[in-house]
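Trainee: Make a model of the complete structure from these sequences and hints.
First to last, the protein sequences are chains A and B.
Quick note on the numbering used here: the first sequence kicks off at 1 and runs consecutively.
Quick note on the numbering used here: the second sequence kicks off at 115 and runs consecutively.
FYI, nobody ran anything at the bench for these hints, they're computed from the structure.
Careful: at least some of the hints might be erroneous.
Stated by the list, open to error - With beta-carbon atoms standing in for the labels, derived distance ranges:
| id | chain 1 | residue 1 | chain 2 | residue 2 | range |
| --- | --- | --- | --- | --- | --- |
| 1 | A | K52 | B | W210 | 14 to 24 Å |
| 2 | A | D67 | B | S179 | 35 to 45 Å |
| 3 | A | R81 | B | T121 | 21 to 31 Å |
| 4 | A | Q45 | B | N191 | 19 to 29 Å |
| 5 | A | M10 | B | S165 | 22 to 32 Å |
| 6 | B | S193 | A | D11 | 40 to 50 Å |
| 7 | B | N191 | A | P114 | 38 to 48 Å |
| 8 | B | L125 | A | N54 | 38 to 48 Å |
| 9 | B | S141 | A | D11 | 35 to 45 Å |
| 10 | A | S25 | B | G154 | 20 to 30 Å |
| 11 | B | G117 | A | M10 | 22 to 32 Å |
| 12 | B | T167 | A | P7 | 33 to 43 Å |
Claimed, not checked - Coverage of chain B stretches by chain A, computed from C-beta distances (three or more under 8 Å per stretch; other residues unrestricted):
| id | segment |
| --- | --- |
| 13 | 162 to 174 |
| 14 | 204 to 217 |
Heads up, the beta-carbon is just placed ideally off N, CA and C, and yes, glycines get one too.
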Amino acid sequence: DAKTTQPPSMDCAEGRAANLPCNHSTISGNEYVYWYRQIHSQGPQYIIHGLKNNETNEMASLIITEDRKSSTLILPHATLRDTAVYYCIARSVVGGTSYGKLTFGQGTILTVHP
Amino acid sequence: KAGVTQTPRYLIKTRGQQVTLSCSPISGHRSVSWYQQTPGQGLQFLFEYFSETQRNKGNFPGRFSGRQFSNSRSEMNVSTLELGDSALYLCASSSWGDGEQFFGPGTRLTVL
Numbered sequence: 001d002a003k004t005t006q007p008p009s010m011d012c013a014e015g016r017a018a019n020l021p022c023n024h025s026t027i028s029g030n031e032y033v034y035w036y037r038q039i040h041s042q043g044p045q046y047i048i049h050g051l052k053n054n055e056t057n058e059m060a061s062l063i064i065t066e067d068r069k070s071s072t073l074i075l076p077h078a079t080l081r082d083t084a085v086y087y088c089i090a091r092s093v094v095g096g097t098s099y100g101k102l103t104f105g106q107g108t109i110l111t112v113h114p
Numbered sequence: 115k116a117g118v119t120q121t122p123r124y125l126i127k128t129r130g131q132q133v134t135l136s137c138s139p140i141s142g143h144r145s146v147s148w149y150q151q152t153p154g155q156g157l158q159f160l161f162e163y164f165s166e167t168q169r170n171k172g173n174f175p176g177r178f179s180g181r182q183f184s185n186s187r188s189e190m191n192v193s194t195l196e197l198g199d200s201a202l203y204l205c206a207s208s209s210w211g212d213g214e215q216f217f218g219p220g221t222r223l224t225v226l
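Mentor: Written as structure tokens, this is what we have:
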């Protein structure tokens, strides 16, 4: 799986949009971009994933650049409960060594302030 | 639908002992993965089981093993515990192992 690079920490004011960047310059054509978050001492929670088109669900939006070398997770109206570590993961879904495996980096600690 | 459950939630053991952790996946999910989380190494993949077979494996010593039962429930075992095995052990389930994974709350293991 391709390596991803994220800023170690970010701050955001409550009610504002939180934009979390991720660099995955070596991503291959069969690798999806997944985002998970982990609130303190809980199991990671799936947020969203995409291949090359922008994606939106009830939690967030995912914007992937046309060259697929980077992406941005957008939480449109951040709340205090969004304070967590956010992980960007590039993951092949071809099978083999990717089965059941997520390769987590250090992630971004997002702190939402009142 | 009930989520992924892990038992026990907390465990204290001493060096040299062995431990068995249990994971019950979401109903209908056949893939169960295990992860170790420590402050120094972060979240690391241990192994994945699908239909009672280990299908994928991370870079951990043979002291770490697992199995999966016909009802998809999984156990992982760590033998000859070391201080460095103190960690949060997480399991995750998915339908086939290639999509979204759902994580349990984890088992906090402390080795004294």
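Trainee: Are D67 of chain A and S179 of chain B spaced within 35 to 45 Å by their CB atoms?
Mentor: 42 Å, holds
Trainee: Mind taking a look at whether chain A covers the segment 162 to 174 of chain B? Criterion is 3 or more residues with CB to CB distance under 8 Å.
Mentor: holds (count 6)
Trainee: Just to be sure I understand the hint, the distance between the Cβ atoms of G117 of chain B and M10 of chain A should be within 22 to 32 Å; is that true here?
Mentor: 28 Å, holds
Trainee: Falls inside 35 to 45 Å, the C-beta gap from S141 of chain B to D11 of chain A?
Mentor: 40 Å, holds
Trainee: Per the hint of 38 to 48 Å, is the separation of the Cβ atoms of N191 of chain B and P114 of chain A within bounds?
Mentor: 45 Å, holds
Trainee: Is it true that S25 of chain A and G154 of chain B lie within 20 to 30 Å of each other by Cβ?
Mentor: Given a distance of about 26 Å, which is inside 20 to 30 Å, the answer is holds.
Trainee: Count the residues of the segment 204 to 217 of chain B whose CB lies closer than 8 Å to any CB of chain A, then report whether that count reaches three.
Mentor: It holds, with 10 qualifying residues against the three required.
Trainee: At the C-beta level, are L125 of chain B and N54 of chain A separated by a distance inside 38 to 48 Å?
Mentor: Roughly 43 Å apart at Cβ, these two residues keep to the hinted range, so it holds.
Trainee: The hint says 19 to 29 Å between Q45 of chain A and N191 of chain B; measuring C-beta to C-beta, is that right?
Mentor: 27 Å, holds
Trainee: Against the range 33 to 43 Å, how does the distance between the Cβ atoms of T167 of chain B and P7 of chain A compare: consistent or not?
Mentor: 39 Å, holds
Trainee: Determine whether the Cβ-Cβ distance between M10 of chain A and S165 of chain B falls within the hinted range of 22 to 32 Å.
Mentor: 41 Å, violated
Trainee: Take a look at whether the Cβ-Cβ distance between S193 of chain B and D11 of chain A falls inside 40 to 50 Å.
Mentor: About 44 Å separates the Cβ atoms of S193 of chain B and D11 of chain A, which means 40 to 50 Å holds.
In summary, the structure is inconsistent with hint 5 from the numbered list given earlier, while agreeing with all the others.
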